[in-house]
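Given only the sequences and the hints, what does the whole structure look like? Please build it.
Protein chains: 2
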Amino acid sequence: MAGGRGERFWPQSREATPKHLLPIVGDKPMLAQTVDRVAGVVPRENVFVITTQAQLAGCRGACPDLPPANIVAEPMGRDTAAATGLAMLLVKQRNPTAAFAMLPADHVIKDTVEYAKLLSIAFESAESADVLVTLGIKPAAPETGFGYIHQAGLWRKVGGHDVMAVKRFVEKPDLETAQGYLASGEYFWNAGMFVWRVPVVEAAFKAHAAELYAGLAKLEAAAKSAGGWAKALAEVYPTLKKVSVDYALMEKSTNVVVVPATFDWDDVGAWPAIAKHFTPDAHGNVLRGHAMVEGGTHNIVVSTDGHLVGVIGVSDLVVVHTPEATLVCPKDKAQEIKTLLERLKQDPAKTKFL
Amino acid sequence: MAGGRGERFWPQSREATPKHLLPIVGDKPMLAQTVDRVAGVVPRENVFVITTQAQLAGCRGACPDLPPANIVAEPMGRDTAAATGLAMLLVKQRNPTAAFAMLPADHVIKDTVEYAKLLSIAFESAESADVLVTLGIKPAAPETGFGYIHQAGLWRKVGGHDVMAVKRFVEKPDLETAQGYLASGEYFWNAGMFVWRVPVVEAAFKAHAAELYAGLAKLEAAAKSAGGWAKALAEVYPTLKKVSVDYALMEKSTNVVVVPATFDWDDVGAWPAIAKHFTPDAHGNVLRGHAMVEGGTHNIVVSTDGHLVGVIGVSDLVVVHTPEATLVCPKDKAQEIKTLLERLKQDPAKTKFL
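Going down the list, the protein sequences come from chains A and B. Position 8 of the first sequence, counting from 1, maps to 51 under this note's numbering, and the rest follow consecutively. Position 30 of the second sequence, counting from 1, maps to 73 under this note's numbering, and the rest follow consecutively.
There's no promise every hint is true.
It does not matter which identical chain is used: a pair holds within one copy or between any two.
Straight-line Cα separation of at most 20 Å, DMTMM-like style, residue types lysine to aspartate or glutamate; simulated pairs [as the list claims (entries may be wrong)]:
no., residue 1, residue 2
1, Lys393, Asp348
2, Lys135, Glu88
3, Lys393, Glu337
4, Lys393, Asp324
5, Lys388, Glu337
Keep in mind the hints are simulated off the structure, nothing from the lab.
The structure is reproduced here in structure tokens:
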């Protein structure tokens, strides 16, 4: 899934170059890192990228080793349930009973060995029973920015690993609730990584998302007609119901299991989150490019290039410079980038900065 | 006097383009505004600009209507007393008894009519007696960033205006002292604007700055020799004692008078000071160029051009963007720019940003 807008990494992420097409952390685009990461588990010819028209060229550029036809553009974003449905149809066309994984393209996971092992366990689980499999991240802190997965005890051992039954998926909690989740040891972070067989996920659409299921059936039929996928996507995809896969399927299904994931994981949701992936200076400043800080400046994140950014006497700030635009924002206000971008959208003189 | 480094306006001011060569306030370089301002009082052919080698081309570009030979470069900065001595010799060469004004090139004065009138009164005063004349600004606030002039009652009426005797020049005061100055009504801000006749200022050098006086005599003699001014400046100027005209002459002379100035005046000493020269938005933000603020942002100064600067959720900040460098600095830390520039000087990879 490589269709996000990456607004929270503005101005480095733009409409045509969102977060997953940038090396926000690491030395290649996050999407390329994601494709590399699954290489040992899924053959390249079976790796699909679902993106948008605006990002199609960028995704092809980031994944030169994938068959270009495997990089599929939605005519417009319809959220993750529709993207899952599209992926399901693309896989089904090749093999109607195959298992496939749905993976976000913009996360940081450094322990690729452990990742590959647990992704394989998830595939093995999905192939062994009619279950929706998810990889759940063991929480390291009472995060309020993630959804959680409540496990219900051992489902079965797969490849020597405990795979847990799932009681329910829960929305982002408040802090107190998150602290309770952490203390109980019964919850995982929902990282949006799923593995299932085509018939199992199709049944879930049918049971819990009937309207979307009908739309996907229409899309499947249209793709088999003369116009093929291009015409089918253009005509049918925009009519699909816009809903998240968590809401449409995961929160409603009772046949969900979770593979507890022990690899490092970070969704790097916004600029302040990059700090933990770089070595800070003695004052906790993470300075990328020509950056200088002076005068009691602490816990700054600066992202620039050959352009010098000088920050004097202010702490806990993010400064991001690109040739077109610069962002200055306290770490705890990073979520307000979206409000700024909304205003940019409404100013014809400034839409070029989106 | 157009030789300052303008460090406090970094990164817009650079070594070759200091504050007086930029339109920090107004639509032309501060130097060009200064030259325009004296046009009604001093004929163009009698206007000299004293600058540095690095800024010579910039000053000529900013003053296309002045005779190029009137723009004279110091081989190196030797502070304002030496610049005054150089000016004195340049004027003396044309007319050994002429009165001339020494004026900073980077101040903002909008009431040019009142300014021209009071500058004429200062000339008339200087021509009527053996006095060192200064223009003193009526203080509007207990500023601790300026030196003050303590007046000692009426010296005489000149052109219908009260010109006051001066008791003494005083250094920058602390706040309590400045409040006392303001309350007394007996003090003016020292704006560094002086008018005097050549023999009177020469006598002041002789009486109060003997070492510099000797150096100036050497410079004068050298300028009359075969190599002319170019050789004389190159050889003698660097040997002149580095001292301010306030310290060398004004604080020690007893024949000083002050013309109380009622025009608006601002030396615009640093970035935060530009705010009062522009119309702020409803939140006190002064935004020049493509700038946007969001999320409870107040009293911001942003200076940019076609490059977008977005500031989110932080107040009382200065953000200055130029194509080469960006400064982010709380208003009350603006003086620390100098520390940052000191570090730039010591880093060979970054001296290009000076």
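Any of the earlier hints contradicted here, and which numbers? none
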